[in-house]
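Participant: Chains as they are written, first to last, in the working numbering: chain A, 1 to 130; chain B, 131 to 250; chain C, 251 to 860; chain D, 861 to 1149.
It is worth saying that the hints were derived from the structure and are not from the lab.
Keep in mind that this is a model prediction, so the values were computed, not measured.
Don't take every hint at face value.
Looking from chain C toward chain D, a few residues come up when the C-beta cut is under 10 Å (computed) [said to hold, decoys possible]:
#, residue
1, L285
2, G375
3, G379
4, R438
5, D439
6, A460
7, N524
8, D525
Each computed SDA-like pair below joins lysine to any residue, with the alpha-carbon atoms no more than 20 Å apart [stated by the list, open to error]:
#, chain 1, residue 1, chain 2, residue 2
9, D, K1049, C, T357
10, C, K773, D, F916
11, D, K939, C, D453
12, D, K914, D, V976
13, A, K30, B, L146
14, C, K392, D, K1049
15, D, K914, A, E18
16, D, K1051, C, K773
17, C, K392, D, V976
We treat Cβ as the ideally placed atom computed from N, Cα and C, and that holds for glycine.
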Amino acid sequence: MSQSYDRGLIEDFGRWREFTAGMWAWVFHKFTGWVLIGYLFTHIAVLSTSMQGAKTFNSTIQGLESLALVRLLEVGLLAVAVFHILNGIRLLFVDLGVGLESQDKSFYASLVLTGIIVVASVPTFVSGAF
Amino acid sequence: MAQRYSSFSSGSTAWLLQRITAAFLVIVLAFHFFQLHFVTHAYEIEFAGSQARMENVGYFVTMVLFLVTATFHGVNGVYNALVNQGIDGIQKRVVQIVLGAAALLLVVQGIRVANTLAGF
Amino acid sequence: MYEHDVIVVGGGGAGLRAAIAAHEEGADVAIVTKLHPVRSHTGAAEGGINAALQEGDSWQDHAYDTMKGSDYLGDAPAVDTFAQDAPEEVIQLEHWGMPFSREEDGTVSQRPFGGLSFPRTTYAGAETGHHMLHTLYEQVVKRGIEVYDEWYVSQVAVTDEDDPNERDCHGVVAWDVQSGEIAGFRARDGVILATGGLGQAYDHTTNAVANTGDGVAIAYRAGVPMEDMEMIQFHPTTLPSTGVLISEGVRGEGGILYNSEGERFMFEYGYATNDGELASRDVVARAELTEVQEGRGIDDEYVYLDMRHLGEERITDRLENILHLARDFEGVDGLEEPMPVKPGQHYAMGGIEVNEHGETCIDGLYAAGECACVSLHGGNRLGGNALPELLVFGARAGSHAAGADMPEPKIQTGPDPDAEREDLGVPVGEPGATEAAADGGAVENPDSDPEAVVEATAEEERERIETLLEREDGVNHADVRADLQESMTENVNVFREEENLEQALRDIQDARERYQDVYVADKSRTFNTDLQHTIETRNLLDVAEAITMGALARDEFRGAHWRKEHQERKDDEYLKHTLVSWNDGEPELWYRPVILEGDEQTYEPKIRSY
Amino acid sequence: MSTQTPDTDSENEQPSSTSPQERRMAEKQARKEQREADEAAAANEIQGETVELKVFRYDPEIEGKEEPRFDSFTVPFEKGMTVLDALIYARDEYDSSLTFRHSCRQAVCGSDAFFVNGSQRLGCQTQIADLDGPVRVEPLPHQDVVKDLVVEMDHFYDQMESVDPFFDPDETPDDELEEQRQDRENREKVKLSTRCIWCGACMSSCNIAAGDNKYLGPAAINKAYRFYMDEREGENKRQERLEIIEAEHGVWRCQTQFSCTNVCPKDIPLTDHIQELKREAVKQNLKFW
Ligand SMILES: Cc1cc2nc3c(=O)[nH]c(=O)nc-3n(C[C@H](O)[C@H](O)[C@H](O)COP(=O)(O)OP(=O)(O)OC[C@H]3O[C@@H](n4cnc5c(N)ncnc54)[C@H](O)[C@@H]3O)c2cc1C
Ligand code: HEM
Ligand code: SF4
Ligand code: F3S
Ligand code: FES
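Isolated chain A (complex conformation) (with noise of 0.2 Å):
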């Protein structure tokens, strides 16, 4: 056998360039799901603390939210809750069958869509941290 060359993975991160909607879409559906389950996690972990007592759950609550720093981050769970919900409704119109000719189309709805919705909660969602 001749020998082949194998150019590996870089060759696939180095082709972000080039990647198309659908898969942006994946990575991005990828990123956001990975977010949310880890988030999931930390979400159970910091609610524990009420088994300590309602104490211990208010000061870290409140402690938590009184930071801007997590205020910020809670925004950036929203907008990849809202992605991930939105891509997710496209994803499963795709496993419907549905629109399939449009994928691209609804990819770049759900980014704008998520945009719109991040943008208007803003507000609601950093009042009182500034």
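Based on the hints, put chains B, C and D with the ligands in the right spot on chain A.
Facilitator: Relative to the frame of chain A, chains B, C and D with the ligands by itself:
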């Protein structure tokens, strides 16, 4: 020839459940976010409030279901992502065990929290 | 050394069908092919497969049309066998799942085609060949037939008796393109050559780059005569830059041809005052070339085929794939502009001389498909008759090689000492044919043990390749090939004049001499296409020479063969096949009479008019 | 009747003060310079429009090519020129060792799928005029490179063949001349799936196939679809084939990236077909509940 499988674990079930949980999550997650960021603002959250909500059986059940479906959905998603990256053999076994344990832990701990809150 | 009962060289329609047939006969078969089977040029066929399937049609009619189409240069036993076997073969394909186009009631559709007295062309959309090729390959996979893909066969291993009729073929020698390994393949029962067309002898062709006439040249150098090589079909509407075929459908739907003056020349200049654009292929091709030669071509090269007037709706409905072809391969939008077209080489009616079982004169050596000449198409192939040929004669060659019982053949093969010979008076042949570096001819081999024959041939091949690779400087084969193609297109095209044909022979001779100094710049053993093309060019020289010799010798106008000096068909003189034998590198041209007595009728030469 | 002695004889006899190796190297150098000069001259000579090609080069055996690199070629542009035409020109005029598969020149043989300006395309089906220069041509990503633009296809073929890609009815009509019937509608349904030319572009574009070597890949799944949906197919085979495609590395691996559908030169709606098979598998399994 690529190998054949006896297909003892049907991928279709996991796939379908991932979609069904997703559909369910759309609703609950939206509700959850709305409830805790818009109806009650996050910074206003207090033990008492959470307790009050949790004492409602309907809410309690929804939250537990939310937890279970989200866990399944998330963990199965992660597992799928890893299989897509071509894990196999021992590696795959380990991932299955770790993810399974993590999921179990998450669900158990989550239910305990909910119980505490509800005061059951 | 690899060993099998039957070795099939080539994985196109003919090769695959032969392999399946041999396998069904119980043989251990292997296909050795330079392209993966699904890459074969059978996949390019668009139009369809002829077979008399319907009520009201009969194999006799199909045979009659074929014989008439051949301009009475077909051999009746081949024509009859063909027409009789075709229906079963086509239905066989259907049973194998081929996605034929269907009628309302679910039966396969048939459409009319040029030269047929009945609509008997079955088809699968506009990509019949593609579906046929894939369907056959699927059956090969199903049967687990071994395929050595990307193995280039360069020689057949043949014993060295003086008379080719007494030689035996014991296998082939091939090299693995990917690794450079050269190996012998021993065939216990037979070798079937199914290497396809030779369009690369011309620079403008509908054929693939891989269609280099390898099988024809290999068999020729092993002692098998080439038959009717001068009979080359040209298609009038091919795209100038690539040779991609624009189907007759465009003209059928009402597309018109015009020249640079905007004249509808088929009528204006009286080439075909009745049928106009729909006159037969050769007539239209000659008309186009005349226009160009008389200065009314566009860019001195092509004419326009215009379908804009048909309207967008009709075009997208019926000719959509043409829009894609023009767009993808010529960068022209057929809805906005006329499409440039010119004639291109399309099909070789001639080839390796075989009988109706696919046997050559060398025992154990068979040929089928476009590389073979059972003498079915004679002077002119009817559209849709090549694909069924692959099936019918591929299957027969496969069965026979695997030892099936078959009746005595009626067609004779092999050099005949009593035949009428002709000397063209122009130098032809191979300088240095007997030198070590030259390939082909029977390898000297005192030992008649089959394995030794294969091994000795392989050894010779290793030496030759070594020699080619060792040369550090010399001529690039691409230059030789380009000159050859140019000369062939210039001189042995649709128009054939004595002077030009002689010029072509001199050019070929020239090219041969230059080829003696050919060198391979790429020294790698890995996927060396430079080496492969160099060897292919050598094959092209041999087939081009035979084409030209035949064209020069045949002083008449028959089928696709048009001679300026001889404008009529001469039945009393030329109802005979042209054969060219290798003869140690000095080609010898001789004739064998056409067989017109068929199973049920004797075909009477009639005027070929439609 | 030979009039000429083969070149090699005289060459071998050359009295050499230097070792043959050195001599060859020197000659090689000279030739290289000559070639470069020729190329430069040719490039200068070219009147009118030209195209700049950047082509990936690699050869495990040839010094200087063992490390992959890009070579540039300047090729005269002609109307209607395709990427394949440009490559052929570069090979025939400048560097005959430039290696790529190609055959039909008309998008039916599927041998010349390359990575052109960041996308999987057939060289013969891509008009240079449609591309931004310089045109960058690379071998298909995610497949091992054998040499230059030639990639290892065996894995792709294995995947294609692993779905039992052949028709296998339970029974065919007894009469040799009697065909099986197929509804026009059913033929329409499988029509697009039968157009596949095995070029491998889709497989190369799919990130999942890149990560998971066992994933059947879009082309093989499409092949399975072609038979699964054919009403003439036998029930037994249909079930068997379904099992193959719904195994762990079958349809479930597809993450609907759509890249396969985007690049397929035959416009086969691959994602569509994969999704339909997923649903089909779910349906079949639900029956047993
Ligand atoms: C554009 C076009 C349209 C056509 N349309 C029709 C039509 O509508 N109807 C019709 O009946 N006919 C049609 N024809 C003619 C018909 O398609 C061909 O004659 C036929 O397909 C040839 O098949 P084959 O099996 O002989 O050769 P091919 O399909 O060309 O196969 C040759 C095989 O041999 C192999 N091979 C070659 N040389 C070597 C070697 N040295 N070593 C190893 N392997 C080798 C190749 O790899 C290949 O697998 C058309 C032809 C063209 C070009
Ligand atoms: C709210 C509605 C949600 C919808 C509609 C949704 C939808 C989906 C869908 C359809 C997939 C499968 C993608 C595929 O297989 O191609 C998926 C994957 C995933 N989801 Fe969700 N999801 C939702 C919420 C969540 C939540 C709450 C979490 C976290 C707990 C989560 C975590 C994940 C993860 C980790 C993946 C796998 C991502 C990957 O491919 O790597 N999702 N989601
Ligand atoms: S499905 Fe399309 S892209 Fe994939 S191999 Fe077939 S033709 Fe090529
Ligand atoms: S690119 Fe891959 S992920 Fe699915 S849609 Fe195509 S197979
Ligand atoms: S050369 Fe055959 S597909 Fe491009």
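Participant: So, for every hint listed, does it hold in this structure?
Facilitator: Status of the hints after comparison with the structure:
The beta carbon of C:L285 is positioned within 10 Å of a beta carbon in chain D (closest approach about 6 Å), and the interface hint is therefore held. Look at C:G375: its Cβ gets to within about 7 Å of chain D, closer than 10 Å, so that hint holds up. Checking C:G379 against chain D by beta carbon gives a least distance of about 8 Å; that is within 10 Å, so the hint holds. The beta carbon of C:R438 is not positioned within 10 Å of any beta carbon in chain D (closest approach about 27 Å), and the interface hint is therefore violated.
A distance limit of 10 Å between C-beta atoms decides the matter here; for C:D439 the minimum to chain D is near 25 Å, and the interface restraint is violated. Interface hint at C:A460: satisfied, since its Cβ lies 5 Å from the closest Cβ of chain D, which is below the 10 Å cut-off. For C:N524, the interface hint is violated, since its Cβ never comes within 10 Å of a Cβ in chain D; the closest pair sits about 33 Å apart. Look at C:D525: its Cβ only gets to about 28 Å from chain D, farther than 10 Å, so that hint breaks.
The hinted pair formed by D:K1049 and C:T357 meets the criterion: a straight-line CA distance of about 17 Å does not exceed 20 Å. Of the supplied pair hints, the one linking C:K773 and D:F916 holds, its CA atoms being roughly 18 Å apart against a limit of 20 Å. Restraint check: the Cα-Cα separation between D:K939 and C:D453 comes to about 18 Å, which is no more than 20 Å; the hinted pair holds. A hinted pair counts as satisfied when its Cα atoms are at most 20 Å apart, and D:K914 with D:V976 qualifies at roughly 10 Å.
With a CA separation close to 18 Å, the supplied pair A:K30 and B:L146 stays within the 20 Å bound. For the proposed pair C:K392 and D:K1049, the alpha carbon gap of about 24 Å is over 20 Å, so the pair is violated. At most 20 Å may separate the alpha-carbon atoms for a hinted pair to count; D:K914 and A:E18 meet this at roughly 17 Å. Between D:K1051 and C:K773, the direct Cα distance comes to roughly 45 Å. Violation of the 20 Å bound is thereby established for this hinted pair.
The suggested pairing of C:K392 with D:V976 is violated, with an alpha-carbon distance near 35 Å, which exceeds 20 Å.
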